[in-house]
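4 protein chains.
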Amino acid sequence: MIVVMKPGATEGQIQHVVDLVREYGLKDHIIHGTDRTVVACIGDKRAVDKGAIETAPMVECLVPILAPYKMASAEVKKTRTEIQIGPDGFGIGGRKVGVIAGPCAVESRDQILQAARAVKAAGGIGLRGGAYKPRTSPYSFQGLGLEGLKLLAEARDQTSLAIVTEVVGVEQVDDVAEYADVLQVGARNMQNYPLLEAVGHVQKPILLKRGMSASLEEFMLAAEYILNAGNEHVILCERGIRTFEKYVRNTLALAAVAELNNKTHLPVIVDPSHGTGHAHLVPAMCRAAVAAGADGLLIE
Amino acid sequence: MIVVMKPGATEGQIQHVVDLVREYGLKDHIIHGTDRTVVACIGDKRAVDKGAIETAPMVECLVPILAPYKMASAEVKKTRTEIQIGPDGFGIGGRKVGVIAGPCAVESRDQILQAARAVKAAGGIGLRGGAYKPRTSPYSFQGLGLEGLKLLAEARDQTSLAIVTEVVGVEQVDDVAEYADVLQVGARNMQNYPLLEAVGHVQKPILLKRGMSASLEEFMLAAEYILNAGNEHVILCERGIRTFEKYVRNTLALAAVAELNNKTHLPVIVDPSHGTGHAHLVPAMCRAAVAAGADGLLIE
Amino acid sequence: MIVVMKPGATEGQIQHVVDLVREYGLKDHIIHGTDRTVVACIGDKRAVDKGAIETAPMVECLVPILAPYKMASAEVKKTRTEIQIGPDGFGIGGRKVGVIAGPCAVESRDQILQAARAVKAAGGIGLRGGAYKPRTSPYSFQGLGLEGLKLLAEARDQTSLAIVTEVVGVEQVDDVAEYADVLQVGARNMQNYPLLEAVGHVQKPILLKRGMSASLEEFMLAAEYILNAGNEHVILCERGIRTFEKYVRNTLALAAVAELNNKTHLPVIVDPSHGTGHAHLVPAMCRAAVAAGADGLLIE
Amino acid sequence: MIVVMKPGATEGQIQHVVDLVREYGLKDHIIHGTDRTVVACIGDKRAVDKGAIETAPMVECLVPILAPYKMASAEVKKTRTEIQIGPDGFGIGGRKVGVIAGPCAVESRDQILQAARAVKAAGGIGLRGGAYKPRTSPYSFQGLGLEGLKLLAEARDQTSLAIVTEVVGVEQVDDVAEYADVLQVGARNMQNYPLLEAVGHVQKPILLKRGMSASLEEFMLAAEYILNAGNEHVILCERGIRTFEKYVRNTLALAAVAELNNKTHLPVIVDPSHGTGHAHLVPAMCRAAVAAGADGLLIE
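Residue numbers (our numbering), protein chains in the order written: chain H, 27 to 326; chain P, 27 to 326; chain D, 27 to 326; chain B, 27 to 326.
Copies of the same chain are indistinguishable here, so a pair counts whether it falls within one copy or spans any two.
25 Å max Cα-Cα, derived DSS-like pairs, lysine-lysine:
(1) Lys96 x Lys159
(2) Lys32 x Lys53
(3) Lys272 x Lys103
(4) Lys122 x Lys289
(5) Lys103 x Lys230
Hints were generated in silico from the structure; no laboratory data involved.
As the structure is a computational prediction, the values presented were derived from the model and not from experiment.
The following block holds chain H by itself, in its conformation from the complex (with noise of 0.2 Å):
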């Protein structure tokens, strides 16, 4: 960590900040520049609460140098982790390119097995449906429930593909994690801190997507939620960020995928579904996702 001093800082400034730097158990490292000077910050600053300094009188700012996150981070954990998934134990982050699909939502018995059987017979290794749904208005179909699972099981029988369906509340944790394979955490809920703590505790693999608008930092930082409570089975997922682009929901940052395998062991898959918005515009994402370095794929 830098911090930078604004041009004009006495000498008297500046030690108050070598002293705090010092007392988070810091060294100090003192650079005068032209125009400014600036203390470099030695060691662990993670878990320092990095107020104290950023508000000192004639503090300009700070700058991190290490990333926030470690469990997550590739340069902890240097091998690639693999995740197995389903009754038949398909390895996400492994040499081949799994792909998920399915409904929006569980609607009914038939048309569940159905997609289950069609996915199948595409060559899927998982099934996705929601149980629980996540709806922008509270007019909308808010999903079957327990009765969505149950179904959602009975595919799986019939066909051994993963069922991966999304957890919208702490409550449900337990139902879903008793049904399904993969727990999904949706976008909107990526910085829903209570529930990254209860799928933490579960012993299934989780699918975490990333917020619209999340940083990557703040993505890895959710998964690192998830991590540190004892879960080491973190999927990611992008499927769009929120920008000014209007011809999609979202603009899918296909460059996304490649920075999380620079800095992360864990599997990253893409969801070209939610990342446009467009069904026309899905095999072409597709291709792309899985060119640009994706474990696998998500598709409504």
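Given chain H's structure and the hints, the job is docking chains P, D and B onto it.
Below, chains P, D and B alone, put in the same frame as chain H:
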């Protein structure tokens, strides 16, 4: 709602859309343009699942005409809502601008009581302070919890300030509702629907912060969840949106205040501290927020 | 175009809109909905100045139905355009993906000839390099100018690569057109209309880069300026958009490639170097761009 | 400037960076942290081409400490600049807020003279109106050109209002400078460097609009181009940025006004008409802009 057909849509394909429209209880109205045919749908479409129409053959897009929220809409309730908060019953949304201030987190008895006295002396009407903190990093201080709530209640007893504090999960709603005067739903939880429903069952005012990439429509739909669950006391809070700008933590969208005053009867306050992330910008943004029509300020 | 009236619009106010619509030579069609009245306008509205209608009393908003570009549209010209570039006449938009590579700026004879040989050896079909550089800072190197153009021409003579170089102002169009095979209009100049018209009068292919916050519609309208001025040889180039993301210089929007292939007959190439700003992300983004349907790559 | 090395950088790789730093005339300062080594560079780095350092082996990133602009900086010139405009010499940046108003485009003699009288009657100090219009579509009205300039000059003669009008290309600079009191550089041309230099050679005030996705740093560097070319009379204009928001044409970033007042000595005005795109939001945003510290308003 207007359904726009692609050029070259056949009579049969147009009829298929018309059939779907009628199935949903809407009246149809076909207009043949020079390049395209559109089907105007008359009636209340808020409950219609548009997926079936959107994915029908040769449909280019759907253009909504009506806003999807009702109870939050200024078209439905024409008088502005005023919400009394705290022991003194200050009316947010009334003639005066109410200032709610306080530290980020409750850290100790001394700290919060001192802060409360300072807020009171400066003419504030509410005290904010986090007992439960939603933290981007699992390694940051997560708040004092119940202990913090009790300290806040003590501060109210001493100053008669209204206590405003965040509720991070459904499981804390009862505790926070017992001690606080206003329950805050944070920006990260704006689309945490179980939480919105839970605070909708409480009989205390809710301060709902806009998510950092939420559209105004999504913001009002989040309020609609609370209103629809039975709690009419919702205060909206603009706290900055995520954009490409880097000199601020968020871009404070003050036109949102003016537009919300236009679209909804609910009171609107502004948080310029999170909205900018820099103390030196807060005074100017407080003045600007009030000038833009804010009913109150939330200051850290 | 659909004109949406506010609730409570009187018959006279609706008639006023109808009169305006007819004045512009369009046919009107009034639809009385449950909450609102809308006026559908039939005919080609691209030449209509919508301001008068938009600001008429009790008009809520205008909803366009037709795209505002014509010559660039795939609806108007149904066969895809292939553009021959350079001495060898490689066809951009044809069956093969063409790679254009080279340094940011032409710095010296040795540098550019060496770069050209490397590009040729690697199978590239074009050489890029800036003779005139648009620089964010007035203190940065602004390019070798005419001297740089001559060095590029020499590199073409030695390698038969097509020369692609940027034209920054109207006053350089003639010089650049004399020496280069393809004139590049940079992202910052995408809406520099005098420049677009000037290159529209040249009989060489134009490589038009998308502005960093341009919508696809604005991008195609910029192409329309060139086409409308008489030059049909426009190559579109997606080079990343500005978003909240910080790990990249720009967010490479590859769905734009798929959507442009859908909306326009013009060839589309991708610049993953500016699109990400980091060398380590370029190989994965090259693969992804081709998979998304790009007709070529522009690599720094 | 701080050069951050990747973990595992060898002594030789660090020395290579140090050599580059010294080559640019800077002093180096190596700091060995727990996980990473950083090289602090002391001296004025604004003229350094950072590419060579950025792409050196095992360099992770460069962190700039100094702002890249000088002449526009409030650190360099500590007194605020006041710019006299028009026949009456109203001082923008002085104690009073100046209002410049007028139509989008000059359409006829009657229209502009009537508008001028209305602006004057309402207490305005300047008349805006486009003689040359930068239009997104080639099919829109492009302005009256020289004829429009003459009508504006006539309006000044009748009202003594300062004339503010846009210059779209280098070739019109002389004409516009002859008739107008203030030359406006539009948002789309904020990084049109030949144009910035051309208006830098004029001896009349320049109104520079922020590009719709320009960072404040890029905005000030655009001003720096004009200052550096010899024209010290630059008025900055915030006119809204492009974000995901849809209820406005642009998001008016009023914190930018406060931050510019902090970073630069140049006066700052606000355009709430383009900044929102909706007449009903303009009055509230005018009040908010003044409250945020704007030196003037530009109203359509």
